[in-house]
Each structure stands twice: as structure tokens, then as C-alpha cells.
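Assemble the whole structure, with the sequences as input and the hints as a guide.
Residue numbers (my numbering), protein chains in the order written: chain S, 2 to 151; chain C, 51 to 349; chain U, 10 to 351; chain R, 604 to 877.
Think of the hints as simulated: they come from the structure by calculation, not from any bench.
No residue lacks a Cβ here, since even glycine has one placed at the ideal position from N, Cα and C.
No false leads were slipped in.
Chain C side only, calculated, beta carbon under 7 Å to chain S, not exhaustive:
1) TYR285
2) SER317
3) PHE339
4) ASP343
Pairwise CB distance ranges (calculated):
5) R/THR681 x S/GLY82: 39 to 45 Å
6) U/LYS176 x C/VAL330: 54 to 60 Å
7) U/ASN199 x R/MET604: 32 to 38 Å
8) U/LYS216 x C/PRO264: 53 to 59 Å
9) U/GLY291 x R/GLY751: 19 to 25 Å
10) U/LYS230 x R/LYS868: 18 to 24 Å
11) R/MET604 x U/ASP32: 22 to 28 Å
12) C/LEU197 x S/TYR86: 41 to 47 Å
13) C/PRO264 x R/GLU795: 45 to 51 Å
List time: in silico DSBU-like cross-link candidates among lysine-lysine, alpha-carbon distance up to 30 Å:
14) R/LYS691 x U/LYS269
15) C/LYS169 x U/LYS213
16) U/LYS319 x U/LYS233
17) U/LYS50 x R/LYS605
18) U/LYS23 x C/LYS169
19) S/LYS142 x C/LYS273
20) U/LYS50 x U/LYS24
21) R/LYS830 x U/LYS230
22) C/LYS228 x S/LYS96
23) R/LYS605 x U/LYS319
24) C/LYS93 x U/LYS230
25) U/LYS206 x U/LYS23
26) S/LYS142 x C/LYS228
27) R/LYS605 x U/LYS92
28) C/LYS261 x U/LYS269
29) R/LYS605 x R/LYS691
30) S/LYS68 x C/LYS261
31) C/LYS115 x U/LYS75
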Amino acid sequence: MEDKKEELAKTSGDNDPRIIAFVCNWCTYSGADLAGTSRMKYADNVRVIKLPCSGRIDPMFIVEAFKKGAKGVLISGCHPGDCHYISGNYHSRRKYAIFRNLLGFLGVDLNRVEFSWVSASEGNKWVHIINEFTDKIKSLKNGSNDIFKK
Amino acid sequence: MANIDEKLQKIARDLLESKEVSLIIGYTGGSHPQRMRPVFITKPEDVGRLSFNRHSVQDLAVFLKKQEVKKFGRIGIVVKGCDEKALNVLMQEYQVSRENIKIIGVECNGVIRQDLADKGETDLSENTVYDKCLMCGEHTPILHDYLIECADPQISMSGDIKPFAKIEELDSMSSEEKDVFWEKEFDKCIKCYACRQACPLCYCSRCIVEKNVPQWIDTNFGKIGNAQWNLIRAYHLAGRCIGCGECERACPVNIPLMLINGKMARSIHDLFGYKSGLDVDAKPVFGVFSESDFNDFIK
Amino acid sequence: MEEKYFEISAEDLKKFVDSMIKDNFEIIAPMDRDGDTFYGKIGKFDDANLDILLPKMSYKEYLLPKTETLFEYSFSGVDIDIKDGIESVEGKNRKRVIFGGRPCDAAAGPIMEKVFNWGYKDDFFNERFKNLTIVSIACEKPDDYCFCAEMQLSPESSHGSDLLLKKTGDKYSAVVVNDKGLELIASYLNLFKEIAKDEFPPDKDWKKIFEIEKAKSFLDKNFKHNYFQDRFLSCIGCGICTYTCPTCHCFDIQDEGDMKKGKRIRNWDSCQFAIFTLHTSGHNPRNTQGDRYRQRLMHKFKIYSEKFDKYLCVGCGRCSRNCPQDINIKEVVKDLTELASA
Amino acid sequence: MKNIYLPKLAEIKEIIQETVDTKTVRLTIDNGSIFFLPGQFGEFSFIGEGESTFGFSSSPLRKEYFEFSFRSSGRATTGINGLNPGDKLAFRGPYGNHFDTSKMKGKDLVFIGGGIGMAPVKSILEYCLDERADYGKITVLYGARSVGDLLYKTIFEDWRKYKNTDVVITVDPGGETPDWTEKVGFVPTILEQLPLKGENTIAVVCGPPIMIKFALKSLEEKMGFDKGDIITTLENRMKCGLGKCGRCNVGSVYVCKDGPVFTAKEIESLPDDF
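Here's what the structure looks like:
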């Protein structure tokens, strides 16, 4: 499993930055699935890791992704009010509002951490977010980065 | 000064004699006149050792997490205003119950920084106290069963010294500059985890660094391991840290941990209007949410 | 070798250090950093702060690094390739000099050497120790936390140093203890002036406030004693005492890496942590902080002296100075001696 | 210059699933055999997850392999648990002292094991069985919490085949299955029922601390064993196994180097630090 983590996160160069997306099972994953089944095309830099809920996405996951070499991390869940577990995404939002500030304060370029709400029907939005995020990461200077990178 | 000590000792004696508590945690004289140390009194005849002055820097609430101390059951504890906030958070999080604690509050107008006190400093002024004292809003402990008034005058502020000015300075830096700053600071870390042990609110029976399946935090003393530890420590205290500054005081290599803690407290206040340790009945900030929470950073 | 005595002026001492730096020696000396003093690599003599009594941390990390790679590994299929870490021991063939340390810190090396060569020889330690030259400066005024005299040393002891300097007025008297010391100054002999033994300032008579043997006699008889549990209620188990100690040498071994490659490292560890002795079953032989502090005292003043004939303490007092709860080991040991005679 | 922390690689020949969470791993060393004595231990590691300390559980006289038994619980053991025959395991050792077999020669022996504590007992037991003629009567008493928790189930019969050898297996009350034909009862209780006398007999005891405590009491007080004739092993958390890392000491005794094998008499003189 460890092996796969490394493989997933590995970036071959500036032109092909690896992006890790932690997504919730119910909305964003379905949305990404919809994008796939609808044969929409989008940047292939992203690797999706599915979790039950955005509330389950531990901040350590972000750090771990950066540590393993990811150039960008996306966190995505259900729109407010739509959480399968009623309030998971609200808790997640509070948590990440603060965690984002902490990362920024410690010198992580916040352009590399992205958050979104994508519902099961928003295949378009998913494609748009990934493409935009990939372009943004590509435009960033390599190495202008975080304290967790080897 | 003597007056304070006498009052303290009388309260302690009464509490112990009436068996209302079986242990009093307080301060007593330390290695030299400018140092105080914690003292644990179980017998009424020992209360003469209790004392309090401007060198009582320790946050005694830290002892409430110790199993050996919990065994005493009902405990009396001497607290300054800032320390009492730690009690509030512990009560908020059901770690101690109000019935088991007798709070002997001491009004405080600041304590002298220990590094200066060790060099002989005895004057209480804006140059000699901790930053937390300069912006202290709780000179009088919020909750108390007993209150002892302050012997020291209020510190006069010239306005030249801005507490935690470094936070604003860092905020205005670019991420590269911040990266450089923190890399240098974290590089000093020797991972003794004194920051954790000295914190009254770090009470997990098994800390995340001790969990090894999987090993979330690198055990090495390298760049990544140190940064990971300092990040996660600060994050686990976000919304809980009451700013007693014990972590920074304990740190043997002088990492400015209060900058991170202070930044977290500011962020939480800015975003959610919450300050920790002020209200025992409030729900912890990460235990609740509002539908109208800050959403600007999410697409 | 017989001890040799020299004299050097303060000015020449500066020249001595600066020329060593020019000759590619790595000079580790007390340096100011964030309002405190720590050992660090100096770029020139003036970087060093020789007035301070003791840097906050000891220079233990140059003998036993905070993190040391024991070996590196990599996988290919079921095969494992192991690269021995001893080949790359940092410090090997390196001209590293500790300059301006104090006699207590210098005495720590030979003490630790015992445990690292007991039965199995730990060459990671030995290599570093062998390649380290220690130039100490005798203390003129120990502070209230110091108790080296009680620990069978003295503020002027040359034990463990290769070269000991003593300040007298604006010059230094130097004693070269061994060949290593002589080798170091060999190229700079023009700066030193040889003097006779009786010209070297004699050691003062340092007073002792307790007899350490007495404390040991208490520890010998009292494994279980209320003193330990009561006195160390105020210990929060932060481990600063062990991390700043020049002789505390306990370590932890961990693997770090992924499924492709990584390394096995050893890190500093501390007997003050509950997890230090925790069994997998959940049983912990040292369950309270009192037990753990007792272990520290026992290890320093009883176990080590029984096994290796030396106390595992040099009396530098760092553990007391740095303790956030002001537990003063000098007072504690004094208590033990008093309990022994009670 | 020698790196004392450098492990050798050993290949896994066979893995025996002893109980739900316990396995015995049989190893061969890549180049040549290793020399160890019963009672000694090694540091076994799944490289990448860290080392764990286990006593050898096989007889050193069976030179074609060596083995250890472990219960999967922490990071290193979980790693080892995931390995298959043919995989490589790192190993360092042997370390520590050993059972004094010269003292045991010509005497009657009783081996008492509890739970996974049977592993080091198995090593010395099989060593003695391999040189059966050197020893008097051999009695084996092995107990576990339940039938499912018994290790080495498949080889009890092998032990019984030897002459003048009694093998008594017991499970704690409530741990038996309907078809269980062996004894039911706690190890000390069953021990007292055995026809054993303290004279000319040496007892080897290993198991959980509570079992050792009561078994020693039975042997000393009720059966007349001399404290010097009861041999047991101690365990403490270890990292280096070499007497350096400083955590396994009990008083002035380093379990990893001065131990792990002690007589009851030696244990009596140690402080209560284990």
C-alpha cells in the first residue's frame, strides 16, 4: 500500500505535477465518476483518494501527500447542507479554514492547497476545477513550496 | 507579599483540615529567590510552604492530567488568571469536574520572564514580563472559589512594545520567506516533546507521535519530522490553547511556539468569534459549526 | 604521555583558533543564539562566547547525534539491499575540535565510552569519539546549580579534555593531557610558550556540600521509598533533563522510509517518557513519573557506578537549570544523602 | 570498524499459523547457519517497520533452520505477519545468556509454559529431547487461556513419543471445547497435582508474569524446589539487545545482556522493576 502511495504522489517534473485529491464518497466522487462516464476530458495529473466524508479527511493526509511528493492537494466534499452524514462537511469546513491558515503561516504556498464543493451532478465543475488547479500548479515555480518536501 | 502568602496558607489549611480537598497544588520558593516551583501539600501542617509572587510562572493546571495527581480525588489548586482558563477548557472537555476542584484564584498583574529572572531581574515592567501578560484580559481568574487580591501594581504600558508583533511581521511575508524563517526555527527542535508535556491541555493518553501503525510523524530529527511535529502540535491545540505560554517557556531550544499558537487563536477569533477558556459552558469551537461559516476559500 | 604545560596570551589564543579554522578544522564552540548560548560551528574566534558558564545544551550530539543512520535499505522484489551506515559515519577523518567547552562536558565522553564498549563495541560512538579533540576552559566561578566537585571532578579538572586552558589575568595557562592534544597544537607551537609544571596555577580547593557515596548508599537500600513518589509529583515528564544532559545516552531505533527504500535510524530517547518501557501487553514496569525519575537517579548514581565504576553524572546542573518545574537535582541528591543518614 | 546494529538476512522457509494471531516463522540464514543456545533471543525485523525482540523457539541442534513465534500486535509484528515463505527477514543476534544445560544434565526436568511464553521453553525442551539420554524424567506442563490459544498443537504428540516423558496440556477453566480430552485448570493448580518432587529436579518456567508468580510459589512452597533450581526468563521492552539503549534494565541488571535467563533466586534479589 505504501508502495502505491509513493507511486501515486510521484511527480515526474514541472510539466506533469502530481495532484492528490481527497474526495468524499457521496458527492465529489460521484461527480468525478459522472465526468468519467460522460467521457469528459480533463488533466490526468490528479489521483483521487476516496473517503467516506470530507469530515474524515485528516489534515495529516495533506501533509502526508506533500511529504510523498505531491505538488498540489485538493480536498472536496458535498455542498453545505448536502452531507450524507448531515454535518460532516460543516465540521470539515471549520477545520480547514483554520488548518489552511496554519499551513500558510508556516510557509506553505496556499496556491497548492485547494478546496471545493462538488456534487454528484457536477461533473462539469469537477473537470473545470481540476483543469484550473493543474494549470495553477504548473504556473508555480517549482520548489517555491512547502516545508514537508524531502 | 507576606499578606498574600498568609491568606493562601489560611485557605489551604482550612480546606485540608475540613477534608474538602486532599491535595493542594501551589507554589513555593525554588532554586533561587527569582524562581518558584510547584508544591504539593497534603497535610495542614505543611501549608507554610505555600507562597505566590511575580515569579510564579508555572501553569499548575498541567498537573491535573497526571494519573498520580488524579488519584487524590478532590484537589485545591492555586491559579493565576491565565492558568484558570486552562481549567475552563479541561472542564469544557470533561477532563476535570468542577465539584472536584477548589480554585484558589490569585489576581496577577504579570509574571517576570524566567530567562530574565534567572539573570536576577525582579522588576515588574513591560520589558520584563511575558507577552501574554501585556495583553492579558483576565487578571482576575474567571472562576474561583477563593480570591486573593494582587500585590503588584498594574504594569504601565508605554505603547512601544506590541505583544506578538512578530505574528504580523510573519503575516506580511511571502511564503518563501516564512518557509525560511520556520525551517530555521524548526531545525533547532530536539523533539524532547517538552512542549507537549508542559501543556495543560495536551492530555491524550497516547500522543499522535507515539502512534506507529501507521507512523504519521517521522521520528527523525530532520526537517520533515520536526516540521510535522510542530505543525500537528499547534493544530491539535487550535481553538483550545489558552495562551499560557508554558510550551514556549519549557522549550530548551527557544522555538517561538507562541507565535504559532497566537496565530491560531487570532484566526479562530477572526473567523468564528471564539476565544478559548473564557466560558466553561461554551461548546468547543471545533465541536460545533454554523451554516454561515467562512466559506470564501472553498470553490 | 606525560602532561605538558604551556602558556598562551589571549591574543594568541584568538590567532590559534582562527588559524585552525583556516586550516579546515571544524571548531565547535559556545555561540549566542536567540538570547541563549548553544554549541555550534564557529566561523571565526569572535563568534564564540567564552564568558558564559555553560551553554544550554551539552555537546553530546557530536558523540551521539540526535538522529544517526545505522544502515540504508532498498528493495528489489524479495531481495533486500543493505548499505552499512558505519561507512559514512560523519566525523570520520574529520578535524573536529570542541573549543571552549567546560571540564564537566569534557568528562562526559570517557564516561559514556564505557557503556558503548561494554561487551559489544559501538563503533558509531567510538569513531566520533576518536576523531574529536576537546579543548576545555576551566571554570572560574561555578554557579549554584553546579556540583562537579561532588561528582569526583572539579571546575578545573582536565579529565576527558585533550587540552585544558586556565585563564589567569589576560593570558591562559594550558595543560596538554595527551597525544591528541599535543598533535593539535603541534602546528601552532609558535603561539605557545612551554612552562614548568610548578608554573601552572594549582587547583583551588573546591568545597563539597554532600558526599555522593552517601546518596548511593540510600539508593542501594531503597528501591521503594515514598520520597520518589512524593518529590516527583511535580515532574511533568518532559525529558528536558535527559536531552540536555551530557551523559544521558539512551536511544530508540526506528525504521523510516517506504516500501522501496529507507533507513534504520537511532534517535535520542528519554527514560522520562511513559512509552519508553511500555510493553506491548500494556504493562509498564515504570508506571508513574516517580518510578521514571527514580530510574534516572538510579541509573546515574547506582547502576552505572556498579557496572562501570563511574557515576553517570558530571554535575553540570543543566537538568536543574532547564527544568520547567524547577526540580533541582543537586537538592535531590542532597536529600538522598540526608535520608541515608536519617 | 564494525556495525553491531547491522542485521543479516534470513529467508523464510515456512510459516506455521499457531493460533488466530500467533505464527511460528521458520528461517534459514543466507550464508551458513547461526550458532545459538536455548534461552537466547534475537532482534527480528521486517525491514521498513522496525525490529522486535523474540526468543528462539527451536532447538539449536536442529541446524537446518531456526524459528521464533510471535503475536501480531505492533508495527513490526504486523509487518512480519504479512510475509510469506520465500520472503526475507532481517535478523540480528543471538543475544543474551542461555539456559545452563550443564547444570541440568542427569537431572529430572520439568518444563512449565504459559501462552506464548512456551516459545523459549520449547527451545530448551527440544534441545533436551534431542539429547534425551543425558537427562532423567522430563515433564512438560503447558497451559493457555483456551484451546484456541495453544501453540505447537501439532507437535505435542512428537514430544510424547520420547521415553520417560510426560506431556501435560491444560487450558484455563472455560477455555475448553466439548471434545477437549486434556486437562482443564490453571497452570499452578495442575502443577501441584503432578507427581513432582524438588529433589534432583530442575524447573524451567516461562509465561505471563501472573502465572510465573503463582507457579514459583507452588514450586517453592508446596513442592520443595530450591530457588536456585527454578529457572525462568524475564522480558522487558528492548531496542538494541546489546546493553546500550538503556531501557531493559531491572536494577543493575540489563535483561538483554545479563539475562534473559535467571534463576528464581536471582530474581528475588532484583528490585521490582519488571
